[in-house]
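Peer 1: Read off the chains here:
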Amino acid sequence: MYRYDQFDEAFVRERVAQFRGQVARRIDGSLTEDEFKPLRLKNGVYLQLHAYMLRIAIPYGTLSSVQLRQLALIGERYDRGYGHFTTRQNLQFNWPKLRDIPDILDLLADVGMHCIQTSGNCIRNTTADHFAGAAADEVEDPRPTAELIRQWSTMHPEFDYLPRKFKIAVTGAPRDRAAIRAHDIGIQVVRHPVSGEVGYRLFVGGGLGRTPMIGKLVRDFLPKAHLLAYLQSLMRVYNLEGRRDNKYKARVKILVHEIGIEEFRGRVEAEFAALDPAAIAADPEEVARIEAYFAPPAFVTLPETSQRLVADRARDPAFDRWVETNTFPHREPGYAAVTVSLKPVGGVPGDATSDQMRAVADLADAHSFGEIRVSHHQNLILPHVRQDALHGLWTGLVAAGLAEANAGLITDIIACPGLDYCALATARSIPIAQAISRRFASAERQREIGELGIKISGCINACGHHHVGHIGILGLEKSGQESYQVTLGGDATENAAIGQLLGPGIAATEVPDAIERLVAVYLAHRREGETFAEAVRRLGIEPFKAGFLATPAESANAAA
Amino acid sequence: MATTKQKILLPAILLANDLLDGDVVFWTERGWSIDPAEALVARDETAAVRLQEVAAAALARGAVVDAYLVDVALREDGLPVPNHFRERFKIAGPSIRQDLGKQAAFAHLRGRA
Ligand code: HEM
Ligand code: SF4
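Protein sequence lines, in the order shown, are assigned to chains A and B. Counted from 1, the first sequence has number 363 at position 374 by this note's numbering; the numbering is strictly sequential. Just add 1434 to the spot in the second sequence (first one is 1) and you have this note's numbering.
There could be a bad hint or two in this list.
[Stated by the list, open to error] Selected chain A positions facing chain B (in silico; Cβ < 10 Å):
#: 1; residue: Leu20
#: 2; residue: Thr21
#: 3; residue: Glu22
#: 4; residue: Gln37
#: 5; residue: Leu38
#: 6; residue: Tyr41
#: 7; residue: Arg69
#: 8; residue: Lys86
#: 9; residue: Gln423
#: 10; residue: Glu466
#: 11; residue: Gly469
#: 12; residue: Gln489
#: 13; residue: Gly492
Note that these hints are calculated values from the structure, not bench results. Note that this is a predicted model, so its numbers are computed, not measured. Cβ atoms here follow ideal geometry from the backbone N, Cα and C, with glycine treated the same way.
Using the sequences provided together with the hints, build the complete structure.
Peer 2: Here's what the structure looks like:
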């Protein structure tokens, strides 16, 4: 894993000291809130409904067990004993006190962490496939690329006051698990079809929020060494031409949409042609140094399948179910990547207690080379587990209340904090997720329905990715009540699509029934082996719309 | 939000977030309080304008952030309850964690919102 060098360490400490001074001056009144707000935001400190919130960067979602234990400690000492893992692979604490935040930042710095790039109009924390370095289908680990971007973009003087926030995501695999086309820039590591050279495919202008857009292909193949020069060119075009007069039109997706991808590409290529890529590229020695940190751990040579696992599965049906849903093919024979679900039935998606964080850290030490990942689905991942050890790991997860066998299923719901915490919210999202997960609690039923991603946001900002949910739910206000719009057909993968609205908003209490009706349409029409998303693609939205709009009485008749 | 141009809905209370811990606080006869039961209720325009002046002065002094007037209904026991659900949640705490926020500290807030 990447470890900060003395330069990073000194820089982060200096930032903490600066912020300590700024907080002191805010408290003694020498800074006004207007002066202080941009400073606190640059350090990840937001004001929510009930308290401040601290957003901690987890670059490309990779954590060590030592770091996770430190987060547990902070949660216990300075918060209310829990934290919230987000769709941006970050961690948010909901109750820190302003006076304590500099001390929290020092504790973070002790383990090479910080809150830089978690807010403001800069290049934000770069996200990546949570199975990076483990996935069997990977061309290359995307994290050295993400780390290079982190180093290049952090405090880059040219890109520190952009028209608006800017989000980059990287995947190393053809199967997109990082939602790259929902980001301002999406990067896919690819192998050139002819030369076999490893390089990048780049998408630009994706984004959610009030104007959702799917990223468009801007460069089909870019040699690896040209990455920073190309990014610089792209950022320059945006920085110069992106709108600063209207924050709702300031994201790069609007620029790409307004001038068209051909024109945008032309301007980037012109800028790129005028640069000397070699002068901008990172020193190859530095690139090699970064890559070395991501060298695979010391895997042992194992047979493809573990007989022990086969026996454990045969013996224990609950374990068998969990293995089926929560393990992912590893590129090393005899290993698996494991999803630790943070979605217990009726729980708060993405929340973990300090005790649970410690339990996961201990299990990571015992079974996954001390490594943990945060997924944008708001789950944790143990990336490198021996199949032989899965039963032992599962037993430990059961004890910690973390063994829900639902990765990718209908109860594995993404939900933003919504009106239970967020000052921008127009409605609650978490209780909607809880009600749906209770309704579909039956393990058999979930397995019968199969892969289905529900994503919920508490306002149009779309932090809960509802636009790209197979079923998306958006909480709004209608006549003084919470009201929920439901969309269908969204997709966050390489088949990226924005969901379409099914009808008028419905009350919170009606949501579980509405989801039932959509599931019923799918079950009635699906072909052998066809997932919900595939069925929606084949059938189109109409049959689902009819099901959605049916009154409960009508749908009872139809079922009879 | 509290601007003089905006039409004031009555009755109203003044709330804000405490600078140090972000907790929601209410303007009372004796300054800021964390208990909504103590909130000073403006029942007429003059009193509401007075609250707006308090808000402006408090923001300028920097003891609180995000201070604004909220229109309320008065419960039988006199507790001011915001008309909008957003402020009801803001005062009570997360609806999904009744053990946190003001609802945990004040019995009169429990099981509502
Ligand atoms: C204090 C809490 C938060 C605030 C103030 C906030 C603010 C915003 C705003 C204003 C946008 C819209 C950006 C645009 O349309 O240009 C947005 C988008 C987004 N936020 Fe948040 N957010 C918060 C919490 C979260 C949380 C908890 C998550 C993760 C669960 C998150 C992840 C995202 C994502 C993924 C997007 C959409 C992607 C995009 O930028 O287009 N945010 N947020
Ligand atoms: S989508 Fe809206 S309600 Fe949800 S976290 Fe983002 S800003 Fe808050």
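Peer 1: Compare the structure with each hint and give your call.
Peer 2: Here is what the structure says about each hint:
no., hint, result
1, Leu20, "holds (8 Å)"
2, Thr21, "holds (6 Å)"
3, Glu22, "holds (5 Å)"
4, Gln37, "holds (7 Å)"
5, Leu38, "holds (4 Å)"
6, Tyr41, "holds (4 Å)"
7, Arg69, "holds (6 Å)"
8, Lys86, "holds (4 Å)"
9, Gln423, "holds (7 Å)"
10, Glu466, "holds (8 Å)"
11, Gly469, "holds (7 Å)"
12, Gln489, "violated (28 Å)"
13, Gly492, "violated (23 Å)"
This entry does not satisfy hints 12, 13, going by the numbered hints stated previously.
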